[in-house]
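All chains should be modelled from the sequences, with the hints used to inform the complete structure.
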Amino acid sequence: KNEVEQSPQNLTAQEGEFITINCSYSVGISALHWLQQHPGGGIVSLFMLSSGKKKHGRLIATINIQEKHSSLHITASHPRDSAVYICAVPLMPSGQFYFGTGTSLTVIP
Amino acid sequence: GAGVSQSPSNKVTEKGKDVELRCDPISGHTALYWYRQSLGQGLEFLIYFQGNSAPDKSGLPSDRFSAERTGGSVSTLTIQRTQQEDSAVYLCASSLVQGGPQHFGDGTRLSIL
Numbered sequence: 038k039n040e041v042e043q044s045p046q047n048l049t050a051q052e053g054e055f056i057t058i059n060c061s062y063s064v065g066i067s068a069l070h071w072l073q074q075h076p077g078g079g080i081v082s083l084f085m086l087s088s089g090k091k092k093h094g095r096l097i098a099t100i101n102i103q104e105k106h107s108s109l110h111i112t113a114s115h116p117r118d119s120a121v122y123i124c125a126v127p128l129m130p131s132g133q134f135y136f137g138t139g140t141s142l143t144v145i146p
Numbered sequence: 088g089a090g091v092s093q094s095p096s097n098k099v100t101e102k103g104k105d106v107e108l109r110c111d112p113i114s115g116h117t118a119l120y121w122y123r124q125s126l127g128q129g130l131e132f133l134i135y136f137q138g139n140s141a142p143d144k145s146g147l148p149s150d151r152f153s154a155e156r157t158g159g160s161v162s163t164l165t166i167q168r169t170q171q172e173d174s175a176v177y178l179c180a181s182s183l184v185q186g187g188p189q190h191f192g193d194g195t196r197l198s199i200l
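Going down the list, the protein sequences come from chains X and L. Following our numbering, the numbering of the first sequence begins with 38 at its first residue and continues without gaps. Following our numbering, the numbering of the second sequence begins with 88 at its first residue and continues without gaps.
No wet-lab data here; the hints were simulated from the structure. Ideal Cβ positions, reconstructed from N, Cα and C, are used throughout, including at glycine. Heads up, a few of these hints could be off.
Stated by the list, open to error - FRET-style restraints, in silico, Cβ to Cβ:
no.: 1; chain 1: X; residue 1: K90; chain 2: L; residue 2: E172; range: 28 to 36 Å
no.: 2; chain 1: L; residue 1: Q137; chain 2: X; residue 2: E40; range: 15 to 23 Å
no.: 3; chain 1: L; residue 1: G103; chain 2: X; residue 2: E54; range: 44 to 52 Å
no.: 4; chain 1: X; residue 1: G77; chain 2: L; residue 2: G103; range: 27 to 35 Å
no.: 5; chain 1: L; residue 1: S198; chain 2: X; residue 2: V81; range: 24 to 32 Å
no.: 6; chain 1: L; residue 1: G103; chain 2: X; residue 2: K90; range: 47 to 55 Å
no.: 7; chain 1: L; residue 1: S145; chain 2: X; residue 2: E104; range: 23 to 31 Å
no.: 8; chain 1: X; residue 1: T57; chain 2: L; residue 2: N97; range: 33 to 41 Å
no.: 9; chain 1: X; residue 1: P116; chain 2: L; residue 2: S125; range: 21 to 29 Å
no.: 10; chain 1: L; residue 1: S96; chain 2: X; residue 2: P116; range: 37 to 45 Å
no.: 11; chain 1: X; residue 1: P76; chain 2: L; residue 2: E172; range: 19 to 27 Å
no.: 12; chain 1: X; residue 1: P146; chain 2: L; residue 2: R151; range: 28 to 36 Å
no.: 13; chain 1: X; residue 1: E54; chain 2: L; residue 2: N139; range: 46 to 54 Å
Said to hold, decoys possible - Derived, one-sided and incomplete: chain X residues facing chain L with beta-carbon distance under 8 Å:
no.: 14; residue: G79
no.: 15; residue: S82
no.: 16; residue: M129
no.: 17; residue: P130
no.: 18; residue: G132
no.: 19; residue: G139
Have a look at this one:
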């Protein structure tokens with residue numbers, strides 16, 4: 038049983054499309070993280086959120102604590118958005134992180 | 088530097104040798120994390136430090152793995168008697184506070200021959 042489930046596993050979109058990636062988790066958390074791993078391997082933290090919604094440029098992350106579900110949306114997708122998007126939740130007090138398996142996104146020009 | 092620095096960036100060694108991986112977190116970041124990513128796989132949590140203390144070492148894959156952090160700064164991950172299944176990218180990240188947004192290093196690519 039995975040504590041964090043992501044869907045879809047793979048996603049191909051045309052440039053300009055609206056994209057949604059979903060994350061469900063089974064453990065109690067204080068916050069949820071969305072990470073982006075570029076094709077070269079580098080990892081960037083996109084969002085940390087514990088309630089509601091956060092927006093950064095074309096990226097929007099939402100979380101519903103009661104339903105234990107989070108979504109990452111990309112508006113007006115662009116080929117440079119092609120990457121693996123990873124959902125992660127920290128378990129306190131151990132500090133251990135549970136990761137989703139990642140969603141591999143390819144945006145075609 | 089401004090970011091998390093890991094060294095070496097690549098390491099190739101023979102099976103059975105010991106290796107030491109180093110992580111320099113962002114100055115002032117109290118939390119430090121080690122992860123492993125095997126080829127084509129997802130991220131695997133190894134260990135977390137708050138200051139110099141690791142509350143839970145159960146994420147380390149075996150007793151051949153150990154980690155320490157000194158001065159609330161630099162951390163080393165040591166793998167003794169390396170095995171081929173240890174081949175992976177080892178990533179370090181730091182955050183200002185526990186559970187906060189993490190800043191990742193570029194990783195050490197470890198190859199065991």
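**Study point:** chain L contact restraint for X:G79 - C-beta distance below 8 Å
**Key:** At about 6 Å, which falls below the 8 Å cut-off, the nearest Cβ of chain L leaves the hint on X:G79 intact, so it holds.
Check your understanding: Honestly, do L:S96 and X:P116 meet the 37 to 45 Å range at C-beta?
Key -> Taking Cβ atoms as reference, L:S96 and X:P116 lie about 27 Å apart, which means the hint is violated.
Practice item. Mind checking the hinted window 47 to 55 Å against the Cβ distance between L:G103 and X:K90? Key: Given a distance of about 52 Å, which is inside 47 to 55 Å, the answer is holds.
**Study point:** Interface restraint verdict for X:M129 against chain L (beta-carbon cut-off 8 Å)
**Key:** Holds, about 7 Å.
Check your understanding: At a threshold of 8 Å, is the proposed contact between X:G139 and chain L supported by beta-carbon distances?
Key -> Check passed: Cβ of X:G139 comes within 6 Å of chain L, closer than 8 Å.
Practice item. Go ahead and decide if the range 21 to 29 Å is satisfied by the Cβ distance of X:P116 to L:S125. Key: holds, 28 Å
Review point. Per the hint of 15 to 23 Å, is the separation of the Cβ atoms of L:Q137 and X:E40 within bounds?
Key: holds, 21 Å
**Study point:** Cβ distance range 44 to 52 Å for L:G103 and X:E54, holds or violated
**Key:** With a Cβ separation near 51 Å, L:G103 and X:E54 satisfy 44 to 52 Å, so the hint holds.
Review point. Quick one, is the X:S82 hint okay against chain L at 8 Å, beta carbons?
Key: holds, 5 Å
Check your understanding: Taking the CB of X:P76 and the CB of L:E172, does the distance hold inside 19 to 27 Å?
Key -> Taking Cβ atoms as reference, X:P76 and L:E172 lie about 25 Å apart, which means the hint holds.
Check your understanding: Cβ-Cβ distance between X:K90 and L:E172: within 28 to 36 Å?
Key -> violated, 41 Å
Practice item. State, for the Cβ atoms of X:T57 and L:N97, whether the hinted interval 33 to 41 Å holds or is violated. Key: holds, 37 Å
Of the numbered hints listed earlier, those contradicted by the structure are 1, 10 and 12.
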